[in-house]
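Input sequences plus hints: build the corresponding full structure.
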Amino acid sequence: MLNHGLENRAFVKLPEGVDIAITSAGLVSRSYAYIIDFIIRTILIAIIATVLMLFGDFGEGILLVMYFLISWGYNIFYEVKNGQTPGKKRLKIRVVQDNGLPPNFSQIVVRNLIRPADMLPVGYFLGLIVMCFNPRFKRIGDWAAGTSVVYEEDAMSRELLPDGPAERPGIAFSTEEQLAVLDFIERAHEFSPARRQEIANILSKPLNIEENDSVETLFNYARYFAGQNNINSGSSNSESKQ
Amino acid sequence: MKQTQFVNLNSQIWQQFQAYCELNNTFPEDFPKLYRKICNDLAIARARQYSPLLIQQLNQLVQQGQKTLYLSRKNQFSEIWQIARSAFPRALYENRVMLGANLLAFWGLAVIAFIWVTLYPDAVYTFLGQSTVLEIEKMYNPAGAVQTATRDPDKDILMFGVYIYNNIGIAFQMFAGGVLLCFGAVFFLLFNSFYFGAIGAHIVNVGFEKTFFSFVITHGSFELTAIIIASAAGCQIGYALLNPSQFTRSYAMKKAAQKALPLIVGAFVMLVLAAFIEAFWSPRGIAHEIKFVVGAVCWAYVIYRLYRGMRYGT
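Top to bottom, those sequences are chains A and B.
In this note's numbering, each number is its position in the first sequence, counted from 1, plus 36.
In this note's numbering, each number is its position in the second sequence, counted from 1, plus 285.
Keep in mind that the hints are not guaranteed to be accurate.
Each computed BS3-like pair below joins lysine-lysine, with the alpha-carbon atoms no more than 30 Å apart [claimed, not checked]: (1) A:K117 with B:K322; (2) A:K128 with A:K117; (3) B:K287 with A:K49; (4) B:K352 with A:K117.
Rather than coming from a laboratory, the hints here were simulated on the basis of the structure.
As structure tokens, then:
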């Protein structure tokens, strides 16, 4: 299982006998989501208040009921729907059970009713402390409900590896090294060409290749590691990969 | 098998699976089979140390499939009523020890406060400010305007809102406070019980008991019991943290929360009922005798249901 120790991944065992990796959302993204939700709630209540204030005592009574429903029910309502409040949706995070499944109703109710305990003594201080002391960033409500907030994986549809010639490297690569090369090549489009070159050049000396073709050579190596068997001809790669 | 061969062999199935996942709320019959196949592919890809991107993609496919396959039922808000109807009595039974302790604590301290303030009328000022006491005296003064036949209906709605917002908010806060090793819940519970006992005795001392008790008796049955139940629910979680027995603290807490949840849902329904009674029935200027009879019926019902729940879970 590849884990560089760079990503904060939790591996969850599924009943299907396989582990999946989920990445827990940290303090900052959750805070941003909270602030967005807070603003939405405030605007909502302000609008309702302006309308209902026209109706005197009657309106004020209804307003209090609405205020109660919104302040306690806002999170529950949205999280029951799909695990995401509008703020969480914006930040691409979602509430899941500890095992990565969508949470059920009772868990969502628990995690939101325990919220006042997290808010003690002021401004989510206690929840923050608790979050800092566990790798999955659970606040007290998450502990009680058995939920956590995780990043939603983006739907990925890009090519695994661009087609091209494959080349057998002159020296033997260990599995780890092969994976490092593959990882670099697959993420190469995220770097600027200059940066790509700069990283690839680190390997040019030990691999004994020209500095100028180091990126191209690494691409070829990666295709070789991935098993594209068109070492000589460039024509047998007509089948697409995705 | 090399990665490229593996991808070429399976990519069509993966694409099809992805398309299935994007269907809303429905999936074809062979979906579970496909899902297991994807899980298998992920395991293979990991074991053969294929490239990280491929593993990540498969990981994401599994996550999507899992979400689709295990999707919880829709429209779960109707569950509130379900929980209050059937899970609530069972939870009363399951949490009966904690509930008994809370009932005893509330009524015990209320009686102590009542006796104390009856014997030493001035003691009420040591806990409550003079202005608060005067306010309350004014509210229940038989000559006052709280319980009249002519209360504005708009005022009823306003008070209904206040009761909903305030009382249910307190119950929820007690539930949450209980997590802090019971402190939050017990503090609110004892504070309310002492307050209630002291005020009750003070009202008797100044001779306004008829207006006071005829006002509180009906909704008090649901309200006070619900507050005690909410406190017990919170304490259940806090106690699981203190004494997790053979389990880890995190699991014990999770278990206790699921056990206590029907209690807080039941308390919620009871408090909504209490708010209706308190806003629309209690302030009516009806003969005290009728109110006492209705109040007694409510108390009998609540006590009967509480007894049935704690004894038999029905």
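Worksheet entry | Restraint status (C-alpha distance of K352 of chain B to K117 of chain A at most 30 Å) | Roughly 13 Å between the alpha carbons, so the hint for K352 of chain B and K117 of chain A holds.
Worksheet item: Would the pair K287 of chain B and K49 of chain A pass a check requiring their Cα atoms to be no farther apart than 30 Å?
Response: holds (26 Å)
Worksheet item: Is it true that the CA of K128 of chain A sits at most 30 Å from the CA of K117 of chain A?
Response: Between K128 of chain A and K117 of chain A the Cα gap is close to 15 Å, so the pair holds against 30 Å.
Fill in: Distance restraint between K117 of chain A and K322 of chain B, which requires alpha-carbon spacing of 30 Å or less
holds (29 Å)
Of the numbered hints listed earlier, not one is contradicted by the structure.
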